[in-house]
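Residue numbers (the UniProt record's numbering): 1 to 362.
These aren't lab readings, by the way, just hints derived from the structure by calculation. Glycine included, C-beta positions come from ideal geometry on N, C-alpha and C. Possibly wrong hints are sitting among the right ones.
[Unchecked claim] If you anchor each label on the Cβ, the simulated ranges turn out as follows: (1) G151 x G28: 11 to 21 Å; (2) S360 x S192: 38 to 48 Å; (3) S311 x W126: 13 to 23 Å; (4) P34 x Q243: 50 to 60 Å.
[As the list claims (entries may be wrong)] Here are the simulated BS3-like pairs of lysine-lysine, each with C-alpha atoms no more than 25 Å apart in a straight line: (5) K289 x K352; (6) K4 x K219; (7) K66 x K3; (8) K324 x K66.
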Amino acid sequence: MAKKLRINGHSHLLPYPEEIPDFMREKGIFWVDPERKNMLQKDWSRPVTDSSFFLNEKLEWMDKYKIDHAVILNLSQLYGNGLRLEEMKQALRFQNDFNAKVQHDHPSKFTSGFVVHPGFVRGALWEIERCVKVLGMKLLCLPTHYMDTIGTWRCIFDEENEPIFELASELNLAVEIHPYDGEKFIKLQNTSWRFHLIWMLAQCADAYHFLTLNGYAFKYPGMRICFAHGGQLAQMNLGRRIQGFDGRPDLFEGKTHPRKSVGHPNIFFDTLVHDTGSLKLLVENQGAKQVLMGLDDPYPLGEMDSEKQSSYPGKILDLAMDRKIITQDDYDGMWDEHVVRWLFGDNEVAKKDFYNRLMSKS
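Please put together the full structure from these sequences, using the hints given.
Printed below as a string of structure tokens:
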């Protein structure tokens with residue numbers, strides 16, 4: 001019998017300070033201090049809370065917890081919102097080239113994503129082509145919301161972005177939808193970490209709302225979408241959205257009923273919901289086959305090793321097994337096959353190449 005793999009579908013990686021170009025710090029875009037204690041932007045900083053933010057330390061951390069492979073998403077700080085066009089292009093190119101190098105240098109350990117800015121559709125299409133055809137990446141990372149060219153905040157599943165989804169479908173890409181920047185357009189004081197604890201989950205729910213209303217899973221069948229953090233509030237909110245659609249059809253002319261996308265084979269959610277009650281709702285709503293392991297390491301809201309929380313990577317699925325929320329097949333699939341199906345769909349050749357890559361010694 002083939003070895004059951006442990007593949008983490010939601011991970012992040014910081015460049016070492018010396019890998020970040022000078023212009024990123026000079027223009028206040030993003031940098032890490034030389035002591036590796038803080039990540040910084042102009043008028044913003046955040047502590048580096050675990051050594052596994054960095055490559056060599058992450059490899060050690062993965063080895064410690066027997067994680068065979070990790071999907072590296074882009075850094076949320078590098079979505080490029082509010083930057084001048086040329087600065088945005090340079091910053092995103094740095095992120096994509098960095099992630100591509102990580103995948104190239106460590107193919108058995110990492111699959112990397114790349115990011116584009118939807119506010120500039122033509123440039124985004126060009127960068128998608130470059131990242132896929134030149135850099136060999138197959139995972140497109142998109143924010144739930146972004147700032148357009150006139151400073152208006154929009155949902156990623158706005159109809160203006162259909163050329164991006166059309167190309168993603170044509171290229172059979174996996175797509176990650178991740179929230180950030182809520183404090184820039186939700187007019188509340190940024191206290192008690194409210195934008196990470198509450199509003200990021202609401203941002204995911206908002207993006208899922210418009211994905212389903214626009215029927216994009218049906219319109220663009222070649223792309224496979226995964227929502228970060230389990231799309232957690234989208235699960236709780238499902239009944240309200242269905243009742244709203246049925247009760248006020250005048251507000252949804254030409255839209256697709258929310259129920260039609262529930263459990264769609266091309267819509268995935270990661271496991272990072274923090275409690276088994278939420279995981280049970282996610283599994284019951286969407287089906288276990290649409291759920292994949294996501295640790296969101298090494299951030300403190302990820303499933304990290306923590307004595308205070310008696311936590312460790314993979315704990316929620318272990319608890320879900322103990323409480324009979326999922327079966328052994330579900331458990332194995334969420335750690336392995338479901339991640340691979342999100343990344344490659346029904347492309348059996350690509351799946352075989354992927355597994356061969358994991359078995360290499362690089």
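Verification of the hints:
1. The given range of 11 to 21 Å is respected by G151 and G28, whose C-beta atoms sit roughly 19 Å from each other.
2. Distance hint check for S360 and S192: the Cβ-Cβ separation is about 46 Å, which falls inside the suggested range of 38 to 48 Å.
3. For the hinted restraint 13 to 23 Å between S311 and W126, the CB-CB distance of approximately 42 Å leaves it violated.
4. Range check, P34 to Q243: about 55 Å between beta-carbon atoms, so the 50 to 60 Å window is met.
5. For the hint pairing K289 with K352, the CA-to-CA distance comes to about 20 Å; that is within 25 Å, so the pair holds.
6. Proximity of K4 to K219 is assessed by CA-CA distance (about 34 Å); at most 25 Å being required, the pair is judged violated.
7. Taking the CA atoms of K66 and K3, the gap is about 13 Å. The hint holds against a cut of 25 Å.
8. At most 25 Å may separate the alpha-carbon atoms for a hinted pair to count; K324 and K66 meet this at roughly 24 Å.
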